[in-house]
Structure formats: C-alpha cells, structure tokens
Amino acid sequence: MTFEARSGEYVGVVGPNGGGKSTLLRLLNGLLVADSGIVRVAGYDPAAEPFEVRRRVGMLFQNPENGLVAPFVEDDVAFGMENRGVPREEMRDRVGEAIGAVGLSGYERREPHTLSGGEKQRVALAGLLALEPEILLLDEPTSMLDAAGRRDVMDRIGALRGDRTILHVTHHLGELLDADRILVLNGGRLVADVSPERLVLDAERLTENRLVLPPLSRLATGLGLAAARPRTPEDLAREIREKIRKRAAAR
Amino acid sequence: MRLELRDIRHVYSPGTPFEVEALRGVSLAVEPGEVLGILGGTGSGKSTLVQHMNLLLEPTSGDVLVDGVNAATLKKSELRRRVGLVFQFPEAALFAPTVAEDVAFAPRRRGLDEGEVDHRVRESLSLVGAEHLKDRSPFALSGGEQRRVAIAGVLAMGPEVLVLDEPTSGLDPAARGDLLRLIRTLRHTGTSVVLVSHDTDEVAEVADRICVLDKGEVRAIGPPSEVFYMNPELAPATVQTVAALGDIGHDIGRPVRFEETLRALRSLVQG
Amino acid sequence: MNRGFGQFYPVASALHALDPRTKIVATALLVFGLFLVDSAAGIALVVAAIVALVAASRVPPVTFMRTFRPVAFIVALTVLFQVLFSREGETLFAWGILEVHAGGLRLGLFLGLRILLLVSAAALLTATTAPLALSDGLEDLLSPLKKLRFPAHEVAMMMTIALRFIPTLHEETQKITKAQAARGADFSEGGPLSRVRATIPILIPLTVGAFRRADDLAEAMESRGYRGGEGRTRYRELRFRPRDAIALTVTALILAGAALL
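Protein chains in written order, with this note's numbering: chain A, 1 to 251; chain B, 1001 to 1271; chain C, 2001 to 2261.
Misleading hints may appear alongside valid ones.
Unchecked claim - Straight-line distance between alpha carbons at most 30 Å, and here's what the computed DSS-like set of lysine-lysine pairs gives:
1) B:K1075 <-> C:K2178
2) B:K1134 <-> C:K2175
3) B:K1075 <-> C:K2147
4) B:K1215 <-> C:K2178
5) B:K1076 <-> C:K2178
6) B:K1134 <-> C:K2146
7) B:K1076 <-> B:K1215
8) C:K2175 <-> B:K1215
9) C:K2175 <-> B:K1076
Claimed, not checked - Here are a few chain A residues that sit away from chain C, every Cβ distance over 10 Å (derived from the structure):
10) F3
11) G8
12) P16
13) F72
14) M81
15) S105
16) E134
17) R181
18) R210
19) V212
20) R238
21) E239
22) E242
Since the hints were derived computationally from the structure, they do not count as laboratory data. Note that the Cβ used here is the ideal one computed from N, Cα and C, for glycine as well.
Let the hints inform the model, and build the full structure from the sequences given.
What follows is the structure in structure tokens.
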C-alpha cells in the first residue's frame, strides 16, 4: 500500500473490518513494524525511532476505558508528559490547558470510572494534546460511544483541524463528509483514495466495501441533491423546498 | 406474553449519601409479538428499567406483571427463561471453550436432555447466522461474531420476550443491518422484542411502538409516527427533515421508516 | 458504603495532611518498636499514643473498632493459649491440670495487646492515606533500592494501574454476574463445590477481559511514550514539611521511651 498525507490534511480511512485500517495506524506510530516497504512519519521511521515519532504523533483508541492509565483525570493527562521528562511546574499548566481544550475544566480530580464514554475519550484526547502532536491518529474513537458522546468528541476533533494532520478511521461516513480525502481499505489493499464528494456518489464502491452513508446523506442522494455536504435536517428541508420551488417555476 | 411494568420506582443506595432515584414511576407494557423501542440517553434509567423486566433488579415500589400475574410470585429461573435479557456488550460474558458449549449453557441449566440442548443450540445459532462458528472458540471470533454468539446464548432459552440493551453498540454498519434483520425475524416468529437504544434511526426502522425515557420518567409512548412527529426534537434526522418542511410536509403524512420517507419526499419533489 | 478494614476515610485531619512517606515510616517504626517494648508502662504509653492518633485522625472510633473484627479470634486464641499453657511466675489458679500463672497472664495480655496495636497502626495508615498517595510514598521510599535492581518504579506503576482499574473490574464483575444470572446461573444454590464451579462463567470472562484490557492499555501507554522509569518526571508531588519532621521525631521519641520504660 502506498499513500501520502500532507501537513494539515484531514484524511478519513474506511473499509470493512479486517481490511487493514487499524494495522495502518499502528504502522504509523511504531506499534507494528512493516514486513517490507518504507514508512516515514514527520521525517522519522517509526520502527527505528518510535520514541521520537510518538512525541509528534498522538493516537486515540477505540475503547475509551482502556486508554486511561491513572486513577485521576489530571494524572492521566500528565502521563505523556511524565514519560517525556517534562518538568513538574510546566506540566501543571499544560495539564490545565489540555483539560480546558476538551471542555472538561473542573474534572481534574474525577476518577475515570465515573465518567461517561464521551468524557473518557475527551480525557484521552487531552492527554494527547498536552504533548502538542503534529499528527493525530484516530482509531474508531466514537464507535463505542452513544450519540451524545460521539458529538462531543467529534466537536473537539473538528476544532483541531488545520493545525494538524489527522487520520481518522471510522465506520461512520457522516463524520468524514468534510474530510479532505477518504482512503478505502479492503483486504489489505488501498482500493480508493478519493474526495468525499466522489465517494458518496459511487454506490457500487460503497456496497463493495460495506460502507453506509448517514440517513440524511442517503436522503439527499435519493432526491438528487449533493450528498457530501454535512447538513442539518433544516438545511435539507430548505434544499427540498428550493427544489420544489424551482420545479414549480419551471412549469 | 404480555409483560407489564406498573409504576416502577427504583432507588439505588437508599438512605445513604449516594442515594439516587433512577426510575420515578415508569409504567409501560410490552404487547405480545411487538417490537417496543425504548429511547433514552445516558442517565435516563433505561438500563435500570430493562433489568426489572426479568427481575434482575427488584423495584423499590411498583409491580412487574407477566400476563397479569405478579412476577415476584414466579420462580426466578422460569421468569428469566421467558424474558431473555441481553446486556450491552454481551460478548464480555462469553466463557466456554466452544461456541456450542457457551450457547448450551442456558438450556443445560434448565435440565433439558442433551438431544434437546443440541437442537436449541443449532436453532439459535442458525437464527443469528452463526452456525458455521459452532466449534470455534468464542475468544477467537471477531467482535460482530461474538455479539451474535452471545445473543444466540439467550435465544437458546426460547424466550417469549427478548430484551436487547444497545445491541448494535460498537458494530460496523453491516453487522448493524444484520442485527436489525434479526429483530424483524424474531418478531415474525412471534417473539416480542424490547430494543433499548440511544440510536433513533435504528429504533425508527424496526419499532412498532416507542417509549421515550427521560431522567427516570416516561416522556412519550406510542406509535413512532405519533411520538416522533409530536416531539420532533426526539426524532431521527429524516423525520426532522419532514417536520422542518412545515406546511409542504403535511401533504405526505407522517413517514417514519427511511424507505417510506424517501418515497414520500420523492413524490413531493416530483409533484 | 461498607467501610471495612482500614479503608481510606476521606476527611481533613492533621494525620491526613501528613506526607505518606512520614506515615509509612512511622508505621514501620511502630511495628519494629512494639517488639522492643517489654513493660506494662511501655505498652500503656503506646496505647495512649495510638488512642491520641485515632482521635487526631478524625476517623470515627466505631470505624476503627471494625478493624479488630478480623483479628479478634486470633487475639483471643493467643491470649488463651498463653494464659492456659504458660508456666511462668506464681500460680494464680489451678483446676487439675489447668493452671493459670501470673507470667502467662501477663504474657498473654502483652501479646494480645501487641497484635491489636499493630493492627491499629496499619489501619491508621490506610485510613488516613489515600491509596494513590500510599503508592507514591512507597515508590519514593523504595527508589533507593533501584540501585540494587529492585523494580521500584514498575511496582509503583503496577499499583497505580491496579488502583485505576479496581472500580472498573468491580463493575465488570457485576455485569458479567448479571448476564449469567439472566441465562439461568444461580450462585447461591448447592454445596461448596458447586458454588465454586458456578463462579467459572464469571472468572473466565473476567480474566480474558482483563488480559484484553492489559493489551489495550499497553498499546496506549506505549503510544504515549512510556518506556519504563528512565528519564520520567512525576506530576504528583510529595512534599516533606516541618510537620512531617515533627511527626517522625515524636514517633521516634515515644517508641524510644516505651522501649526504655
């Protein structure tokens, strides 16, 4: 598989389970080593210099429970910095900032088991942000969350776009409608590297790779409207009214 | 079987500083052969409610009635056979060396003979589409496969009511679709299904009736078209779109399922 | 909430505010010192000190009394054994072969009291020190042993992770138990052997789940740059204050006094 992501790109990664999405992410931060080929992340080879790579690459995992290592939120957020030998005084400020950046100010002394799934993922995200990574790898971070948790986490991730390169593995195409690119992995192969606009219109490709669009997008496609735009029901209703008006005017 | 919950209150840790009233007087009934969707967010009390259906939890006050009979007077094991409860992430409870052994657990506990147990195992594995996994180790399966095996383990009891607590949590869209298909199949065979979910889209697709739970109380209950159109903020995005159309939308009635919504909107747009 | 044996009791007190290292060392000194105390006056001094500490800890005495329950039997047995079978000192009573000597009585009481005092000291430590603080304190105290290849950091990391996951595992156990109960498992029927067998459908998934968790956690920790204790700083701070020095000095003095009395 060959691909390249440029600085600041938001790249979605989709495809059926077992297709290689998680493997891809783990190759990028050195948790797995490629049997052959070259991997370069921020100029480094993750297999050769994982510690260097991991300073610049933060990875968010699927299971919110198993990503938190410390008995208190603030301690967990500090974990990465502790590993890097950041001096204590500096850590305090950065922990506070990171917790604020994910909207969890006041949660410092909370214990992980008292948090909702969405809150746990945000704590994990804060832990990553405290190290100011250039690249974020997201491995289905919302698949075990409920709708509210998913929304909270995606809001925070959305706010991080632009500064960082983000690779986002997910089954929810709705999260990727305004991505820069979407990679489709199936059976260990990169079968597509396209824009969201093109992917949502490619019904064959969607079925082949067991991809499902969110209901509003499917509704839009079914009504002949652009599907790749992330929209609210009100937006779609407006577009429908517009279409009806146009048709009436054309008669 | 008709399963009724009458004015159920449940208080956790009563009389301590940790006291919390999870259910504040919930009344609902599961009619024979229907799919009842229970919608609610975190803290709504839906998981607490669902555990009262087979008396894993006992109400602080209120009654659970099975065909009019107080469930507290029934043998627990019998009640739990007739009302099968599948928890969220049920694969966490798989334990046997093979899938067949795990699914056989419940029928064996009932004391059925091996022939009958084997029959039940095959039948329920077939229902969930996992017959080919019969001799595999449950721990070597994918998440979706494990989920199916766990559900088969409860189906093997032959319940009249199957309660599913967030059954599609963490599943990819394909597996999610399979599960909704399973629910429809079960309904077809006369088993009632209680589907607890936070996902309005999927509840809209399969439910005959919907109950919305909010902070331990029933906020709305009735057919989806009624509940969703009277409370659009609770409805799936597709229904909200129709509702947002205002006057124009009134002509197409109250579609709830995706296909009917699409058809209705298409006809509207095409005039 | 069941406040059992020496469980952490979160309240503000002079003892709670002490550095955990101070308390660990003081407890260790106490345990060591108790074996040197030999006189009634000495024991009385230690008893008085413990009572004063319990008062200072602002933990309800009733909670403390509960710490004695598990050892009550052992204490009674110890006292009884000494009283009935020691032949030291003058005979106080005699019924046939059973003789109670003054020496035995004295020794029995001493040993019994010693056990109670040891238990009280341990309970004082755990009741006034949060588990995480205890873990930190121990790590700090054991760190000089790193020179002797003792994995102080790893042990502390294990304790921290254990503390983090105990509530989670507890919830998991309850969930699995309920899931099996929903399938007809009964954990209260049958003799001891069947009850043990009944726990298999709980223990196996719990263990498998724990290993999975460990794998996930290891991945997360590695991704966040964990590579053992080398070059690691610590977010939490242990600060040795004047009150700690005072506390240690007082403890040492009391024990010296009790041993010399």
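Comparing the hints with the structure gives:
1. Between K1075 of chain B and K2178 of chain C the CA atoms are separated by roughly 17 Å; this keeps the pair inside 30 Å, and the hint holds.
2. This hinted pair checks out: K1134 of chain B and K2175 of chain C have alpha carbons roughly 25 Å apart, not beyond 30 Å.
3. Of the supplied pair hints, the one linking K1075 of chain B and K2147 of chain C is violated, its CA atoms being roughly 63 Å apart against a limit of 30 Å.
4. Between K1215 of chain B and K2178 of chain C, the direct Cα distance comes to roughly 23 Å. Compliance with the 30 Å bound is thereby established for this hinted pair.
5. Only pairs whose Cα atoms come within 30 Å are accepted, and K1076 of chain B paired with K2178 of chain C is accepted, the gap being roughly 13 Å.
6. Of the supplied pair hints, the one linking K1134 of chain B and K2146 of chain C is violated, its CA atoms being roughly 51 Å apart against a limit of 30 Å.
7. About 28 Å separates the Cα atoms of K1076 of chain B and K1215 of chain B, which keeps this hinted pair within 30 Å; it holds.
8. Between K2175 of chain C and K1215 of chain B the CA atoms are separated by roughly 22 Å; this keeps the pair inside 30 Å, and the hint holds.
9. For the hint linking K2175 of chain C to K1076 of chain B, the alpha-carbon distance of about 18 Å falls within 30 Å, and the restraint holds.
10. Consistency note on F3 of chain A: stated as away from chain C, and its beta-carbon is indeed over 10 Å from all of that chain's, at 21 Å minimum.
11. Its beta-carbon lying about 22 Å from the closest one in chain C, G8 of chain A satisfies the requirement of being farther than 10 Å from that chain.
12. Residue placement check: P16 of chain A keeps its beta carbon more than 10 Å from all beta carbons of chain C (closest about 22 Å).
13. The claim that F72 of chain A is not at the interface with chain C is violated, since a C-beta of that chain comes within 10 Å of its own (minimum 7 Å).
14. Separation of M81 of chain A from chain C is inadequate, the least Cβ-Cβ distance of about 7 Å not exceeding the 10 Å criterion.
15. The Cβ of S105 of chain A lies farther than 10 Å from every Cβ of chain C, with a closest approach of about 17 Å, so its non-interface assignment holds.
16. Separation of E134 of chain A from chain C is adequate, the least Cβ-Cβ distance of about 15 Å exceeding the 10 Å criterion.
17. Against chain C, the non-interface label of R181 of chain A holds: every CB pair exceeds 10 Å, the least being about 24 Å.
18. Annotated as non-interface, R210 of chain A keeps its C-beta farther than 10 Å from every C-beta of chain C; the closest such distance is 25 Å.
19. Against chain C, the non-interface label of V212 of chain A holds: every CB pair exceeds 10 Å, the least being about 26 Å.
20. The claim that R238 of chain A lies off the interface holds: its Cβ sits roughly 43 Å from the closest Cβ of chain C, which is beyond the 10 Å cut-off.
21. Every CB of chain C is more than 10 Å from the CB of E239 of chain A (nearest about 42 Å), matching its label as outside the interface.
22. No beta-carbon of chain C is positioned within 10 Å of the beta-carbon of E242 of chain A; the least distance is around 47 Å.
Violation of the numbered hints given earlier is confined to hints 3, 6, 13, 14; the remaining hints are satisfied by the structure.
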